[in-house]
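Novice: Numbering of the sequence shown is given in the working numbering, commencing with residue 115 and proceeding in unit increments.
Hints may contain errors.
[To be verified] Okay, derived cross-link-like pairs now, DSS-like style, lysine-lysine, Cα gap no bigger than 27 Å in a straight line: (1) 124 <-> 303; (2) 350 <-> 124; (3) 160 <-> 116.
Since the hints were made in silico from the structure, they are not lab data.
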Amino acid sequence: MKVAITLGDKHYNVNTDFGHSLAIALDFQQSDNQPNHFGATPAMAKPMQVSGFMGDTEQGGSCNVNELSFNPHCNGTHTETIRHICDAENALALSISALELPPLMPCPLISITPINASDTHDDYTPNFDVNDRVISRAQLEQLLTPYHDQQLQCLAVRTLPNSDDKCQANYNEANQPAFFSRDAVLYLKERGVEHLILDLPSLDRLNDDGLLTCHHLFWQVMEGAHQPSPNSLINKTITEMAYIDNTITDGFYFLNLQTPAFINDAAPSRPMLYQAELLDC
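Sequences are here, hints too, so could you generate the full structure?
Specialist: This is how it looks when you write it as structure tokens:
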């Protein structure tokens, strides 16, 4: 199906029959085939057993019914809301089920090689460590200058080098991922980015003293606080642990962000990118 979209004074065709999934397929049976962050327990599946019922056809059951156990933040591609850093009982701390997500949103895809923290004038809280690798404001400015703000409702970021090893990566002290500087996140706010798609396990550093500085900046929540304010950006999302195959070229797309109706701060998700065909009008 082709969808016609008008964005400002530009007109696009989007063919929704041909999309690119940015989600890592989660293998509940083989933990070695899963990505993992922060030492979390692997995702698992076991057949339901109750009152003589066996939910496994290989064990004589009439059908397969698995009970799943997983941590959405640490076991694969997931989307999180402001509730990730805010008290759940606060009405402004939206859950995944309360999000208002348009079916198609403008979304550039860019590729960035993280740099050594010592090579930028950006800062971070807590202070950078000597081995930190970061995405800086200057890098984002260079890559996003060709796009106007209306095109930046969403942004997908692929880090380089890129390989499908990310689909089974174990992020820990021995394999610390890159993260965003404060200045980089503030730039994204200035440009109006509402939905951020990352192939990193977190916007923040693996061990950041529990501050989640960049998360607070992104949602405009006071640093150190767990209560959103009337000025907080409550409908924004961060999607982490995506995988963006090298066959998907950098450029301008439209994003369909698929999430289940979980009353929770995060849920597994399936970001889909669709090529934007600019029309001559």
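Novice: Which hint numbers does the structure go against, in order from smallest to largest?
Specialist: 3
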